[in-house]
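Trainee: Based on the sequences and whatever the hints tell you, model everything.
Take a look at the letters that make up each chain.
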Amino acid sequence: MSKAEILGNIRRGLGRGEPNATQRAAAESRLAAKDNNLIPKRALLPQAEQVQLFKDMAIEAAAEIIELASIAEVPMAASEWLHKANIQELITASSPELKALDWSALGDIQLSERVGQVGDMASITSSFAGIAETGTLMLHSSSDSPTTLNFLPDVHMVVLHASTIVGPYEDAWKQLRTAHNGVMPRTVNMITGPSRSADIEQKLQMGAHGPRTLVILLIND
Amino acid sequence: MPNAEHQPLVGLFVTCLADMFRPTVAFATVRLLEQAGCIVEVPEKQTCCGQPAFNSGDRKTTQDIAKMTIEAFDGYEYVVGPSGSCIGMLHYYADLFDEGDPWKARAEDLKARAFEITSFLVDKLDFDKISAQYDGTITYHDSCSGLRQLGVKQQPRKLLSKVDNLELEEMEEAETCCGFGGTFCVKYPDISNRMVSNKSEFISASGADTLVGGDLGCLLNMAGKLKREGKSVEARHVVEILAGMLDQPAIGEADADKYALAKQV
Amino acid sequence: MQIKSPEFKENARIALQDVGLQKALGNLKAGFPVKRAAAVERMPEFEDLRDQARDLKNHILENLDIYLEQFESKVVENGGHVHWARTSEDACKTILDICQQVGAKTVTKGKSMVSEEVNLNEYLEKNGIEPVETDLGEYILQLREDHPSHIIAPAIHLNLEDVSEAFHKHHHRPKSDDPAVLMQEAREMLRKKFVAADVGITGANFCVAETGSTIIVTNEGNGDLTQTLPKTHIVITSIEKVVPTLEDMTLFQRLLARSATGQEFTVYNTLSTGPRREGDQDGPENFHVVLVDNGRSEMVGTELQDMLRCIRCSACMNHCPVYGAVGGHSYGWVYPGPMGSVLTPQMIGIENAGLLPNASTFCGKCESVCPVRIPLPKLMRHWRENEFEKHLSPKAVRYGISGWGFFAKRPALYRWVSRSSAWFMKKMAGKKGRINKLPLAGGWTDWRDMPAPEGQTFMDQWKQGKR
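Protein chains in written order, with the numbering used here: chain C, 1 to 221; chain E, 1001 to 1265; chain W, 2001 to 2467.
These are calculated hints, taken from the structure and not from any lab test.
Calculated cross-link-like contacts (lysine-lysine; reagent style DSSO-like; alpha-carbon spacing at most 30 Å):
#1 W:2409 / E:1111
#2 W:2192 / C:203
#3 C:203 / W:2193
#4 W:2378 / E:1153
#5 W:2029 / E:1153
#6 E:1060 / W:2395
Reference listing, derived: stretches of chain W covered by chain E, where coverage requires no fewer than 3 residues with Cβ under 8 Å from a Cβ of chain E:
#7 2316-2330
#8 2350-2364
#9 2384-2391
#10 2402-2414
#11 2451-2464
Ideal Cβ placement from N, Cα and C applies to all residues, glycine included.
Mentor: Here it is in structure tokens:
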């Protein structure tokens, strides 16, 4: 029995048997406390500066940012972008905020609500948070947010509300716990810029397997 | 800081390479220590720091040598040597003995007293009254143990900046190992050769006419390579320049008479 | 993977003469170390983060059994399965069983060094299942029937022409010398594989005990497609990867990319927690975690325990002058460079891997960049001691050291040897000041001159009163 052998070896190495209550205390209190470790100063800014830092870092990571005054402007912004890129179909996640929008601005671009498929050119999803520290988006799976939309299409458009931008990763974890009563969604995606690889001669190329382009539609709410 | 009332008693850790290859390095170290107001003695019972045994996995022999060295330097306020590597080895002695072993405490005590020469002068004595002249451009190789174990980086540069006419031109990758590594260079000669070849290129590219460093092992390796490649860059230990003891030809250079002749020509 | 560590010296000799390899290794040297330095520069707290990461890993290892059991219970609570694998054989067998249960024909794979360690691909192939590597570097290697030479840049030993050649042969398309075109080709080829796969296998950088999540860190997004599209997701990872909480994982995330590629953050940091939930439109229906031991549990409580802190960032090899000279394949097994020189003897035996911990000048560069401050030179020395005690060191080393030790312990005799050697070498050098060929020191004089001693030893001169 591998498990017993492995745990037995570990315990022998630690010079004890199965841990008793006292021996468990340190680990259990750590699990319960969920304390932050050292958070770099960079991530501890007032909210307004966090938004600026998020933008700077996301752009550095090669994401595109389009700033909008309200979510109602999303269809028009998406339409303009997709027309310029000559893309004829947009696959949308099923999140209520996206479903509630008036998409007529898309014009001849077809809007489909489904999971991602091979060959998809563009998708649009909501996001859970933005993390200023490194310009990172946090998305998670749910019945209205299929993970495939984050990875299969060539272009991934993400709606991010400036009000959901936090400084450090830690704040995002805490909000995630609160939002889901401590139950982790099946998939949590932290996304920082579009896909890339430097596996050939260490030369960076964009668009390896995931989206070649990441467009952040930043709602300044 | 030394003053009229207190002259620190320093035991010189000669190092086997200085003893056998380049006594000038040991004499220069003594001169610098005396200039800084120390009384220098050379304990008879010392040989090698034990690093060859330590790095070959022979713990028993290393312990024996460690004990001998610890005894040899009992009673000295400081133990100073012209090598980051050998002094670094003295610092490792404490790791050789188990907790509770009286030798461990003695080894810890030695560690607290043992210093590489440039770091001793700068960090411990705050001494910088160097009176020397060097007409040339040097480049400085940071030997690994001194740099990463003992934190020797700015100290030699600070002292060298006091030498008249001397110019320092930093080479690329000054902190990369030269490939000496004690027994490494004979156990893995072709890898060592690649490393020292890279080093030699960086040294040449710096445009300096003299390579300076604080460890004879590395200097013998690099000087040997530079000479084999027919390069004109000379190699000297930092204390030779700081103490102004330049009578001996540089490391691996031709004999003094011939050397003087060649210089004239 | 066939063990070639006993031939390290021969491997190295060939590697040093391999023009293509040397060119490729130049790319490494000019890349990762420079980028890491820049990233560290931007993060003033970096050294403090390293201290905390070291301390946290030590805490985890002191409580490893507790965190592993907690992790297991959370995976199960979320509807997943945990399998414990004592050996490579156990791990492969477990994974094969899962694949067979779901009737798998092909599996896609994200990059996983543990899967290399247990030799999973070969095992699956032998049993009629086609594994498809999806990381670009790993994909190139699979086409070439090659193995990784680096833990995060697996194809670092190859040049553009090698990739172009391999793609031309397998994709039957015109050759290209544009990396972008080649990557596009791989993207197209692998799209079909991602969709067709029955099982997706990934590694894990960390396993979070608090939530039962595993996390993968990739720039390409291949690991994400691997674990999202097939019906079954198998995570193969090792027991030391467990961390207590999400906050604790974050401490290591801040260090990982910066230490590895010098990025601020890797593009995709993806957590997987159990199989798809009710109502989910996509995602795997089955979720398995295989926890591999393979000698790690025996390291707990020993001097080697420090090695279990390793987060596989590759900074040690990126900065190692020996790795930089000979490349990863010379080490002859899965893990190259300084971390490999410590880990490999534990996994394949010191009798097979003794040359690895010896292949270091102890320059200490590796330790100086390790994000969890593993004392790599000290651990390599541990193996040298182990080898010496077991009388496995080469005879020349053992006799040489004991002979030398005999003199080094006797100052008067040592003086005599130094005096004679200095005299002899001075004599040999004549007026040249150096020696071209020295008996018994061919390793030195084949490549460089031996500078001549001044003549008299310092100790003799000092005794004579010279100052």
